[in-house]
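S.K.: Can you make the complete structure from the sequences, with help from the hints?
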Amino acid sequence: MNVKKWGSVAVALLLAAGSMTACSGNTSSSNAASSTGSKTDAASQAASASTTDWPKKTVQVIVPAGAGGDTDFNARTFATYFKEITGQTMVITNQSGGGGSIATSTVKDAAKDGYTVLFGHTGQMIVNEVAGLINYNLDSFDIACIPAVDKGTVLVASKASGIASVADLLKKAKENPGKLLYGSELGGYSNLQGVMLEDKAGISFKIVDTGSASDKVSNLLAGRISLAAITYGTVKDYQKTGQLNVIAQFNSERNENLSDIPTLKEGGIDFTMEKPYIIAFPKGTDPAIISKMDSVAKQITENSDYAQALKASYNQPVSYYNSSDAVSLLKSTRDDFMNYKGKLNKS
Amino acid sequence: MELFINGLANVLQPYCFALMIVGTVIGIIFGAIPGLSSVMAIALFLPMTYSMDPAIGMGLLLSLYIGSVSGGLISAILLKIPGTPSSVATCFDGHPMLEHGEGIKALGTGVVFSFLGTMFSIVVLIFLAPQIAKGALAFGPHEYFSLSIFALCLIATLSSGSMVKGIFSGTLGLAFATIGIAPVNAVQRFTFGSVELSSGFDVLSVLIGLFAVSEIIKTAETAKNGGDSPVAQIDYKHIKGFGFTLKEFKAQLGNALMASLIGTGIGILPGIGASTSNLVAYSAIKNHSKHPEKFGTGIMDGVVASETSNNASIGGAMIPLLTLGIPGDGVTAILLGAFMVHGIAPGPLLFSSQGQLVYDIFAALCIADILMLLIEFFGLRVFAKMLQVPKYILLPIVFVFCVVGAFALSGRMFDVWALLAFGVIGYVFTRFHVPQAPMVIGFILGSMTETNFLRALMLSGNSFSGFFTQPISAVFLGCTIIYLGWNALKGMRKKKTAENAG
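Protein chains in written order, with numbering that gives the first Met the number 0: chain Z, 0 to 346; chain G, 0 to 501.
These are computed hints drawn from the structure, not numbers from a lab.
Given the structure is predicted, the values throughout are model-derived calculations rather than measurements.
It cannot be assumed that every hint is accurate.
As the list claims (entries may be wrong) - Calculated lysine-lysine pairs in the DSS-like style (CA-CA distance at most 25 Å, straight line):
#, chain 1, residue 1, chain 2, residue 2
1, G, K390, G, K79
2, Z, K282, Z, K56
3, Z, K205, Z, K178
4, Z, K235, G, K133
5, Z, K205, Z, K342
6, G, K217, G, K246
7, G, K390, Z, K239
8, G, K390, G, K164
9, Z, K158, G, K133
Said to hold, decoys possible - Label pairs and their calculated CB-CB ranges:
#, chain 1, residue 1, chain 2, residue 2, range
10, G, F189, Z, S258, 43 to 51 Å
11, Z, D167, G, P129, 26 to 34 Å
12, Z, N338, G, R430, 56 to 64 Å
13, Z, P261, G, W485, 57 to 65 Å
14, G, L483, Z, A159, 51 to 59 Å
15, G, K493, Z, A159, 35 to 43 Å
16, Z, A159, G, A497, 54 to 62 Å
17, G, F3, Z, G201, 53 to 61 Å
18, Z, A159, G, G253, 37 to 45 Å
Positions of the beta carbon are idealized from the N, C-alpha and C atoms, including for glycine.
M.R.: So, in structure tokens, the structure goes:
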């Protein structure tokens, strides 16, 4: 046995330890947490619900999407400022499997001690229920707040389609009902988006499965599909080169960072679909923890550095809904989405 | 050219250079340890790059990428356990070489040809990226389906010995790939109501289970039945440089070129990468070789095929990322995220709007490749010394890492249990001499084949004719038929001569 070899083994072990804490949260601490969980509950019931010393240790954040995407970015940016304010670290665990249902069920069944949190969006929290992928819903969670809203999604048309505006879209779609190919992920958020657009505009597409944003872009460029909804950042170069036409944004009012792009409403289609990010705890978590998280989120969204980070990356203006506003927004969104249950995934 | 020199200057700044050395070393370690993968290494360091200058952040991430794709060869050769999915084929000839006492030569070959493969793909990236990227757009669902059918057939030749066992293994891989939420229509299949099963099995659990855990079980068995398995003797004294002669090197250049082309080509196509290219290149070169029967017995050709092609996929995968903003594999998907954080969206204007950054990236790739060559060269003897550690100490450590890696996939025990289950399957396979590689490839290509088949049918209005009328798709299907026919003919002739002789 020589020194060099043991050195490398030690380095490797250290790395593994590092990767465990960084990639996947700290198992030992979450085990400890579940055993103390009942105590915290009892204590909180006794004490008044307004004060809490949470967070006392690292908070595990479950993100129902892979590393490197928009949801992951929002969660990690939030985590950075969370640490600035509370002094405690948020560790991000990516659980992208099962269309996000693995992540939601992990949090739903986690200890109610405030140390396992979901950072997802309406796709996993509502569309999965509409699509019949999960048999629980929003009510299985305590919603802390909406710390951010993705307002960067735009409707993009291929050059070959000859559609350059909402007016073109309506005209072409009415001339060729059920013919225009609309790219989406069947059974997912973008499928619902397409179905709702058809309904609100009184037109019909042929909704096909193309996969994720990058697959949509390549299929649009090659002219295999005519339409798709994509994050603006991904297509902005193609708009400049004229290879793709960005025809509208899905927001109720023009996103201040995308002020050149008209809303669907301006084009005469009364349809908005913004994608709120949601911070949720397992049902039955101490209300004091929830209101603490809510107030921390409020402080974060008031920070100008945070605003700058969101703008620079995903053209996202700061948005924030407190706990009760978030719940009512999500409930009405859910009711709205539920109207399309029969149409989802039936293309 | 000036941009490239500026790029070199930017990358060689002490801070960036130091980070890249660290990145390469950690990349190699992540690559070498079964269970820890390129994607994990890069995902781990991604948040660090948020606060860095984009060029420096990319330098760090790219050095991790190159190091980890190459590092897999170390455990593949020394332990017969692929460190990453990219080095499965390296085991086939790398480990037998070690058993013949040519361990250093196998390692040296792997390192040098990893370097050359990466360099080849970087050159293609720098000079041909925009032209080639347009070609990648021509690949739609029809083309992907036909390509994956072709790739699945190539893999049939991986089943040395019994074709039936190879087909059994490949089909089992395809079957396991169907578990989980179905692609396209999102129906739950074979999940038995379990949330855990709805995401299906991760390729890492399947691969590490089949190759690493099964090897550990096998070794444990031999250790119990009478001491340690014979340790390969390595002659250190008479070895210079990388352990092979200039003549041997020259003889491999043809193979290296073919492997580079295959590796870069597969890298360019979004959706498939190094984990497929090493097996495809291995079987293509084996078929093309004058002595296919020697493959698997420990010849340089096999190591060259695998290690050149997997690293050549790196530059390939960077092409659609930088020119189209379309990631080619799991790693480039994270790299895309790293760009987006800085408000840089890779796409057709990246070269004009962020010209310096693009050349910084080219420079970083070159430097990281050279760093990988140097670090692995000086590390060769250290790696080989690891073999002197008795297997009853080494393998339990490897086993721990496998479990840690599986758990780290998404922080749940399910992946660990899956890993162990596939370990048992792999062990049963080795007992009955069923090859594991077709199962891995069936598993990887299974969902790709199915997804693209369904998508293609949707696009062409449920008509099958598209597969034959779209030119690229038709070529691949034609190749598949010719290839299968040729192999069947060859098999019949062999049988005839055998009968005549007998």
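S.K.: Taking each numbered hint in turn, which are not upheld by the structure, reported in ascending numerical order?
M.R.: Numbers 6, 7, 8, 14, 15, in rising order.
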